[in-house]
Structures are given as structure tokens and as C-alpha cells.
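Undergrad: Could you put together the complete structure from these sequences and hints?
There are 2 protein chains.
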Amino acid sequence: MKQAPVYFENAFAQLNEFIQTHSDKKIMFLVDENTHEYCLPILLAELPEIQDMEIIEIPSGEDSKSIEIATQVWISLSELGADRNSIIINCGGGVVTDFGGFVASTFKRGVKFINVPTSLLSMVDASVGAKTGINLNHLKNQIGTFTQPEMVVINPDFLLTLPDKEMLSGFAEMLKHGLIQDVNHWKQLKKISALNPENLAPLIQASVEIKKAVVEQDPTEKGLRKILNAGHTIGHALETYYLDHQIQFTHGEAVALGLILESYIAVMKKQLSLNDFEEIKSVIDKFYTKVDLPKAEQILPLLMHDKKNVGKEIQCVLLDKIGFCNPEPVNISIAEVDLAFDFYRNN
Amino acid sequence: MKQAPVYFENAFAQLNEFIQTHSDKKIMFLVDENTHEYCLPILLAELPEIQDMEIIEIPSGEDSKSIEIATQVWISLSELGADRNSIIINCGGGVVTDFGGFVASTFKRGVKFINVPTSLLSMVDASVGAKTGINLNHLKNQIGTFTQPEMVVINPDFLLTLPDKEMLSGFAEMLKHGLIQDVNHWKQLKKISALNPENLAPLIQASVEIKKAVVEQDPTEKGLRKILNAGHTIGHALETYYLDHQIQFTHGEAVALGLILESYIAVMKKQLSLNDFEEIKSVIDKFYTKVDLPKAEQILPLLMHDKKNVGKEIQCVLLDKIGFCNPEPVNISIAEVDLAFDFYRNN
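Heads up: the protein sequence lines correspond to chains A and B, in order.
Going by UniProt numbering, the first sequence opens with residue 1, and the numbers climb by one from there.
Going by UniProt numbering, the second sequence opens with residue 1, and the numbers climb by one from there.
A portion of the hints provided could be inaccurate.
The list makes no distinction among identical chains, and a pair is therefore deemed to hold if it is satisfied within one copy or across any two copies.
In silico lysine-lysine, DSSO-like type, Cα no more than 30 Å apart, as pairs [said to hold, decoys possible]:
#, residue 1, residue 2
1, K112, K2
2, K2, K222
3, K312, K112
4, K212, K112
5, K270, K321
6, K295, K270
Hints were generated in silico from the structure; no laboratory data involved.
On a predicted model such as this, the values are computed, not experimentally measured, just so you know.
TA: Rendered as C-alpha cells:
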């Protein structure tokens with residue numbers, strides 16, 4: 001399935017052109033309080049053509065991906081006079097683009113939306129794939145749709161507005177793209193000395209294009225696309241666990257941790273070489289602080305709720321080597337997760 | 001766009017075959033308390049192949065098409081172990097099929113669902129068109145998706161389980177199908193002496209096929225499909241008004257009333273002949289009891305929220321003659337609505 005266009009060069013010009021051809025439509029901006037303050041002014045300065053606009057703000061953070069906030073935004077859209085021809089521009093990180101995509105794809109059975117990702121994570125991950133979603137009682141992205149935005153506008157200048165730890169969050173998805181599909185991308189990433197916009201900006205487009213190529217071959221995750229879930233089975237469960245326990249832990253930190261733990265399981269299953277595993281672990285350890293893991297059994301219920309599961313098995317995609325992930329999911333046991341946790345604690 | 005298959009003859013056999021080819025999947029039945037008691041036993045008796053099933057019941061009635069009930073059902077699906085491969089079978093009237101389709105199309109970004117409409121209205125109207133939806137603060141179907149069921153299973157025997165007034169509700173959509181697109185269907189319907197399953201069952205398939213042909217030409221309501229909204233601009237607003245005032249009034253009664261009122265406006269606009277209008281009114285008056293209308297201005301805010309509106313105009317599709325609705329929406333004024341209300345009150 002053809003994915004929405006992702007613009008890097010002249011991205012704002014493309015957006016301006018779109019707005020000019022839809023000048024009779026109401027534009028609704030969705031932001032959080034941070035992107036409202038730091039990103040929306042940059043964006044609006046580039047969009048002189050807008051005639052009829054409204055701004056809807058949601059609180060920043062994962063908690064906004066809730067049914068209650070979605071309901072509030074649907075009501076705001078309704079009250080602000082959004083109709084089927086209105087256009088929603090989601091300006092923010094992955095929470096804003098996932099959430100805004102879901103709200104747009106279900107409001108009056110679907111209105112057009114555009115994503116302007118402002119975090120590294122949303123640029124390299126949420127910008128492609130047409131996944132929209134909100135959480136159900138802290139189970140991540142349980143409710144959502146597959147809906148394409150009209151376009152995705154990527155401008156690395158927004159990264160200058162981000163706190164450093166947000167770089168860590170997006171960087172994990174870039175590492176994953178290298179690990180699952182492109183050893184050269186991996187090699188470029190591991191050479192990076194510090195995670196700053198200057199070092200990262202030149203690699204964003206390559207990372208997005210890896211994901212885009214995968215998704216275009218398998219838009220609804222029947223086969224190949226499953227490789228994008230590398231690190232995410234255990235990563236998502238840990239992310240939810242820490243969220244439930246009010247421990248600050250970004251999606252990317254969870255994915256980086258998940259990549260180590262799942263790669264260890266791949267070694268136990270004799271699927272991945274120990275050499276490759278050690279390289280993966282050393283690169284991730286270079287950037288990411290070690291964390292205290294809960295007991296494996298504490299995340300079992302969360303592992304059982306993974307959307308990728310079929311029936312009662314915990315399913316996971318694992319690396320065959322650096323640069324290649326096997327798309328065929330394998331069952332992993334809680335005992336294997338437990339062993340991987342033990343290894344991580346002791347190394 | 002190809003619509004989902006709608007089975008009439010051997011409908012249960014088709015459903016059985018589907019279940020046999022998905023025998024490893026969990027089947028989740030969605031019902032309300034009435035269809036749980038009266039329809040599900042009939043359905044299950046015909047489906048001996050089911051191995052793994054669960055039943056989720058929602059309260060009957062329009063109030064169930066809420067975000068709160070949707071959230072409860074998403075949680076139930078999650079707790080009962082539904083995964084991406086599960087299949088939801090919606091067994092009920094339009095509330096159950098609209099609601100169940102929405103819940104299915106958004107649970108884990110979409111699971112397969114099958115509609116088994118049990119009311120005349122859901123057979124002739126909700127069975128085709130891929131519209132799913134719930135209400136937002138009593139604004140009907142503000143939240144929803146366009147998603148095809150896997151199949152629609154129509155068995156007129158379910159009509160025997162229905163109270164008489166439910167016949168009135170579905171019959172209005174059948175009348176509309178004749179009025180907008182097929183003068184012969186209209187002629188057959190106006191000959192009916194009493195609205196019972198025996199008289200109606202033979203006409204259901206023809207009525208469904210009119211709608212299906214329209215929808216297949218214009219699945220997302222860009223052009224021709226708008227004719228299916230005949231009677232619905234004013235009809236929907238009145239339906240919501242009566243619902244808000246705890247007055248029992250079915251969707252079909254609202255549509256029948258909307259057809260009279262909008263046809264009167266078509267006469268005022270010199271689009272429809274007085275002869276045709278009088279024939280329409282006399283046929284509808286034969287079956288539907290006269291009701292007390294509110295003041296036109298009381299439904300103005302509801303008219304303004306119609307999903308079909310663009311900008312601040314109230315838009316409406318109107319008949320050119322019996323058997324032909326003009327798909328180009330026209331603006332109607334509150335003054336015209338007021339005049340139509342006056343006419344209805346006095347005739």
C-alpha cells in the first residue's frame with residue numbers, strides 16, 4: 001500500500017501548497033502545551049496562507065492518549081465547527097500524532113489530517129505506517145485505526161526545541177531500523193559520539209525510508225511488517241509497567257531495553273550469534289542508562305495483552321543477525337524472559 | 001468500492017462455511033438483552049461449528065451507542081481474550097450493528113466482524129454501506145468509521161421476533177429507497193396493506209439492492225450516495241430532539257416525517273411536483289401516526305450539526321420526482337423548515 005508522502009526538503013513549502021489548494025477549509029491544529037509554545041509559532045510563521053484556523057491543546061504525555069481526552073477533543077472539534085471537509089494538523093510528538101490521527105480518522109467517520117512530528121521519535125517512527133491509536137486503561141494503542149495522513153512534514157529544526165532525553169527516545173527506533181533491515185544504517189548510528197540534533201538530523205531520512213519500505217510491502221502487518229516490532233514485545237510491556245508505577249521511562253528507552261532482552265532470548269534460541277548480541281548490547285549501553293527491572297512475572301499480564309499475540313502465546317520477532325530480523329514470530333516463554341532479565345541485571 | 005456480500009438465500013450456510021474456515025479463531029457475539037433472548041438462540045442453533053465463543057451484551061436502545069459503552073465493550077473484549085484474529089458477530093438491530101462495527105473496526109486497529117441484522121431497519125439500511133458509528137452527546141453517529149463487515153447475513157425469520165412498531169421503523173427506509181431511485185419499488189410498497197413480516201419479507205432483498213448499488217458507486221459519500229440522506233436532514237434532527245426529550249420515536253418514524261417535510265420544501269423550491277408530494281404524503285400518512293412537532297427553531301442547533309453540512313449552511317438532498325433524488329445538496333433555510341412544519345401541523 002502506498003504510504004502518505006513524507007517531505008524533508010522544502011517540507012513547509014509542500015504544506016503551504018496543500019493549504020492553498022484547500023483554502024476554503026477550516027484548519028484545526030492539535031498541539032500539546034509544549035508544542036503550542038515552542039513549535040506552533042515556528043510552524044505558523046511558515047504558513048501565511050491559512051485563513052480559517054482553530055487550535056486545540058491537549059496535555060503533553062502518554063496519559064492524554066485516553067478515551068476521555070479523545071472525547072473532549074471530539075467535542076471541541078464539534079463545538080469549533082469542524083466539518084467533514086476540515087483538516088486537522090497534528091503538531092507534536094508521537095502522542096499528538098497517534099492521538100490526533102485516531103481522533104481525525106473517527107470524527108464524522110474520518111476527516112483529513114496532516115502530521116508534523118516534532119520529536120525525533122515521532123519523526124522516525126510515528127511519521128510512517130498509518131497507525132493511529134489511543135490507550136485502553138494503560139494498555140498501549142489497544143484502540144486505533146490504520147489511516148493514512150495526507151502528508152507528513154519533517155523539519156529537523158524542531159529537534160532544537162526538545163530536551164535531551166527525547167533524543168534517546170527516538171534514537172532507539174533508529175537503532176532498531178538498522179538492526180532489523182540495514183546493517184549500513186546501524187554502522188552509521190554506532191559511530192555517533194553524542195545524541196544531538198546536528199549528529200542525528202542527517203540520518204533521519206534514511207531511517208524513515210527503511211520503515212517506509214517495510215510498511216509499503218505490508219501495510220496491515222500480515223508478514224514483513226512484524227519486524228518493526230523487534231524489541232517491542234518486552235519493551236512495550238516494560239513501558240506500560242513503568243508508566244503504571246509512575247516511573248519516567250520513554251518509549252525509546254523501553255525499546256532499547258527490549259532490544260537487548262529480546263536479542264538475548266534470540267541467542268538462547270541459537271538464532272543470533274553471541275558476537276552480534278555483544279555488539280548490540282555495547283552500543284545500547286553506550287547511550288542508555290541501566291535501569292532496575294521488575295520481576296519477569298510482574299510484566300506477564302502485560303506481555304499477554306500484546307496486540308501481536310495470537311491465542312495464549314507470547315509472540316516476538318527476533319534478529320537472525322545485525323541487519324536482519326526474521327519476520328516469522330516465535331513463541332517465547334516467561335522462563336526465557338526471566339533468564340534475560342537475570343542476565344541484564346548481572347551484566 | 002465493492003461492498004461486503006449480503007446473503008439472503010442460505011445465509012446461515014454461508015456463515016457456517018465462514019466459521020468452518022476460521023475454526024481456530026475466537027468468535028465474540030455482540031447482542032443486546034432482546035436479541036440475546038430471542039435471536040441468539042436461533043442463530044446458535046444454525047451454527048454447530050463454533051468451538052470457541054463468548055457473548056457480550058449491551059443494553060438495547062440508542063443510548064448504548066455511547067463512548068462509555070464502547071469503552072466497556074473494548075475492555076470486555078480485552079478481558080475475554082479477543083485478539084487481532086478474533087471475529088465479532090453483531091447480532092441485533094441497527095444499534096448493535098453500527099456500534100459493533102465501530103468497536104470492531106477500532107479494537108486493536110481493527111478485527112473482522114459480521115453483521116446479522118435482526119430488525120427490518122438494520123436489514124434494509126444498516127446492512128449495507130460500511131458505516132459504523134456511535135453518538136457524541138446525543139449527536140448521532142458523530143464518531144465512526146467506514147469499514148466493511150466480512151459478510152451480512154439476512155434472515156427474515158428474525159422479523160417474527162420484533163414488536164410491530166419496529167416494522168414502521170424499517171419500512172421508512174424502504175419507502176426512501178423507492179422514492180430516491182426506483183419508482184417500481186415504491187409502487188410495490190404503496191400497495192402493501194399491513195406491515196407484517198409476511199408482506200415485507202419478499203421486498204427486503206430488492207430494497208437492499210437499491211442501496212447497495214448506490215453505495216458501490218460512491219462508497220465515501222462524495223456524490224451519488226448523498227441521495228440516501230433524503231429525509232434524514234430534518235429526520236435526524238427530529239430524532240435527536242425527541243430522544244433528548246425522552247419521547248419514544250424510532251429512526252424510521254423520523255425518516256418518514258423527514259421525507260414529508262423535506263418533500264414539502266422541494267415543492268416550495270419548485271423542484272418536486274405537488275402531485276408527487278401529495279402521493280408521498282398520503283402513503284406515509286397511511287402507515288405513520290401524526291406527531292406533535294416542536295418549533296422549528298428548537299431543532300436549529302441540531303440541524304447545524306448535521307455531518308452533511310459544509311460550513312454554516314444546512315444542506316439537504318431533495319427529490320426531483322418519485323423515483324429520483326437529486327444528489328446535489330441544496331441549502332435550506334430555517335424559514336423553509338418553519339413553513340414545512342406549519343404545513344405539517346395543519347394538514
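Undergrad: Now, for every hint given, state plainly whether the structure supports it.
TA: We went through each hint and held it up to the structure:
Within a single copy, K112 and K2 get their C-alpha atoms as close as 16 Å, and across copies as close as 23 Å, so both meet the 30 Å cut-off. Proximity of K2 to K222 under the C-alpha cut-off of 30 Å is found in both arrangements, the shortest distances being 16 Å within a copy and 22 Å between copies. Taking the shortest Cα distances, K312 and K112 sit within 30 Å of each other only across copies (19 Å), while inside one copy they are farther apart (37 Å). Taking identical chains as interchangeable, the C-alpha atoms of K212 and K112 lie at most 30 Å apart whether they share a chain (20 Å) or sit on different chains (26 Å).
Proximity of K270 to K321 under the C-alpha cut-off of 30 Å is restricted to the intra-copy arrangement: shortest distance 11 Å within a copy versus 74 Å between copies. Taking the shortest Cα distances, K295 and K270 sit within 30 Å of each other inside one copy (24 Å), while across copies they are farther apart (76 Å).
Comparing the model with each numbered hint stated earlier shows that all of them hold.
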